[in-house]
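The hints should help you fit chain L onto chain E, whose structure is shown.
Number of protein chains: 2
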Amino acid sequence: MTRHEVTGPAHRLWNPAHPPALTVDDGDEVTFAVLDASDTLFAPPATAAGIATFDWDRLYPLVGPIWVAGAEPGDTVEVEVLDITAGDWGWTAVLPGFGLLADDFPEPHLHHWDLTGGKYADFQGLARVPLRPFCGVVGVCPDTPEPLTVVPPGHFGGNIDCRDVGVGSRLFLPVQLPGARLSIGDSHAAQGDGEVCGCAIEAPASVAIRIRLHKDRRLAAPQLQTPGPLRAGIDDAGYYATMGVGPDLMAAARDAVRALIDHLGRTYGVDPVDAYVLASVAADLKISEVVDAPNWVVGAYLPLSIMTG
Amino acid sequence: MTRHEVTGPAHRLWNPAHPPALTVDDGDEVTFAVLDASDTLFAPPATAAGIATFDWDRLYPLVGPIWVAGAEPGDTVEVEVLDITAGDWGWTAVLPGFGLLADDFPEPHLHHWDLTGGKYADFQGLARVPLRPFCGVVGVCPDTPEPLTVVPPGHFGGNIDCRDVGVGSRLFLPVQLPGARLSIGDSHAAQGDGEVCGCAIEAPASVAIRIRLHKDRRLAAPQLQTPGPLRAGIDDAGYYATMGVGPDLMAAARDAVRALIDHLGRTYGVDPVDAYVLASVAADLKISEVVDAPNWVVGAYLPLSIMTG
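Residue numbers (the working numbering), protein chains in the order written: chain E, 34 to 342; chain L, 34 to 342.
If you're looking for bench data, these hints aren't it; they were derived computationally from the structure.
Mixed in with the good hints there might be a few duds.
[To be verified] FRET-style restraints, in silico, Cβ to Cβ:
1) Asp137/L - Pro280/E: 20 to 30 Å
2) Pro280/L - Leu46/E: 15 to 25 Å
3) Pro280/L - Lys248/E: 30 to 40 Å
4) Asp58/L - Gly158/E: 36 to 46 Å
5) Trp89/E - Ala85/L: 51 to 61 Å
6) Asp121/L - Gly266/E: 29 to 39 Å
7) Pro305/L - Asp58/E: 31 to 41 Å
8) Asp88/L - Gly266/E: 48 to 58 Å
9) Arg250/E - Asp136/L: 24 to 34 Å
10) Leu181/E - Glu140/L: 34 to 44 Å
11) Asp295/E - Ala82/L: 42 to 52 Å
12) Pro178/E - Glu179/L: 29 to 39 Å
13) Pro280/E - His51/L: 39 to 49 Å
14) Pro77/E - Glu179/L: 51 to 61 Å
C-beta atoms are modelled at their ideal positions from N, C-alpha and C, and glycine is treated no differently.
Excised from the complex, chain E in its bound form (with noise of 0.2 Å):
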């Protein structure tokens, strides 16, 4: 086993034409700095004002690609993430025309994060956003012609944003190329199931995993396997949940939000973007039933031990 580190530089596409910025074997660990999605372009100072107008060709800096040697189509790549380490800054922004309520909140937004220690990210006084990194975008390179942007996961990975890929778990890919070309970024400090507003707490991070090959195990899209309790240490005090009922899950999801937003101002008085940003990065989207034909119920689960206000 060989211990590796890569620092750069980014690419910016899932490109099979990148040349690979290192090549490993079975087994070995590498580790990554991670640059947070915006290249710095949202760390302070940067203004909601600053937002409506950055370059997003500078989006998603990704470290990688790592040629697996051996990976074949047809195999899986296994990522065990050992240790993640976030930087002291993170922002979540809401940008005009993405996110799950874009209609709603047409203007570009920002919220700057202070995380030093490391352990909880204070929100306005009124909650303590437990911090839990992950990265949003780990994948191996699609088979492609054309390069493709990083916005849209796929069965290869990539940004899936799945914030259960935390230290001690094990995220398995279905190899689309030979070598594999795993590439990884989008660091986030902390976020909630869906990541409603469109981000996390994004924030640069070191980020430690060990890389294994399975040779000959097919996967349609990728798995995971969690070392213990997806929300130790948040779900203590119980959930407020609010839900959405009705033939489109999309719809349900919206409408679940919604009611959460209108929640936290009745409850806690927090503004109504300032409620998505923090759904975005704490509250937890579920379907809780998608059988009872013609209508299903997503529901937007908010953990209470972090509210403080």
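Frame of chain E, contents of chain L only:
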């Protein structure tokens, strides 16, 4: 505060014309004898062959309606679950044309569970499903000119099949008609988020609740407060999660469940229809991200502590 008991008769439609079974005041407690959703038709010795020809009109027997004195449209009725004791038998059916994967599983199937002891339900020696009883149906009567079937939930609650409405939880329902006319039914001994095959561990139960009336608290849909962690005693060993990735949440949910069924087959030797049943009673659907257009991620999470085989 008064304690009441309601044992019947059952009603099977949402219908404002139903005479109240009972009138309660704010703060009263009521104990219900809740029938299973099949009104014992699927209890032993029922077989899969038998359920192909059952009488749908006997489904979803509800206890109630309870008239809440002083409740008016624009108010909220709170249902606090004080205690639930399930019976010692349960069933899970795959009904043709019903369930998330109705196209994959067109044949009727019926699984019987032994709930004796009240802690766990053994599944073929391969899994041990912890019992966490709740009522799938808790609703106030909708304002409807025609009687409505119980299957679809609505903003009035009803068949929301939310597994977190267990002991200690408080469900908030928006009153639609004078008196609220609360009914409950469809008791479940265990269920995963999504209830993917269309059934939980369906079992009769004795259910005790406290009813509170919140005047002038107007909700758009049900809301819920839980007393603590959602999966205590279930999530200790972590999860194995399969993902569906794509532009439609429903299709992504189907793909995630199909991958979990495949995983249960490969890893534990579970037959597909049995894996579908196990997923329905024990695995959870959640939305990892719903913002990275055009592709969303839905996960099907299997708690590893339940697997014993």
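Hints versus structure:
1. Asp137/L - Pro280/E: 20 to 30 Å: Given about 21 Å between the Cβ atoms, the range holds.
2. Pro280/L - Leu46/E: 15 to 25 Å: holds, 20 Å
3. Pro280/L - Lys248/E: 30 to 40 Å: Taking Cβ atoms as reference, proline 280/L and lysine 248/E lie about 32 Å apart, which means the hint holds.
4. Asp58/L - Gly158/E: 36 to 46 Å: holds, 40 Å
5. Trp89/E - Ala85/L: 51 to 61 Å: Between tryptophan 89/E and alanine 85/L, where Cβ atoms are some 56 Å apart, the hint holds.
6. Asp121/L - Gly266/E: 29 to 39 Å: holds, 37 Å
7. Pro305/L - Asp58/E: 31 to 41 Å: Given a distance of about 37 Å, which is inside 31 to 41 Å, the answer is holds.
8. Asp88/L - Gly266/E: 48 to 58 Å: Since the Cβ atoms of aspartate 88/L and glycine 266/E sit about 50 Å apart, the hinted range of 48 to 58 Å holds.
9. Arg250/E - Asp136/L: 24 to 34 Å: holds, 27 Å
10. Leu181/E - Glu140/L: 34 to 44 Å: holds, 41 Å
11. Asp295/E - Ala82/L: 42 to 52 Å: holds, 50 Å
12. Pro178/E - Glu179/L: 29 to 39 Å: For glutamate 179/L against proline 178/E, whose Cβ atoms are near 56 Å apart, the range 29 to 39 Å is violated.
13. Pro280/E - His51/L: 39 to 49 Å: violated, 26 Å
14. Pro77/E - Glu179/L: 51 to 61 Å: holds, 59 Å
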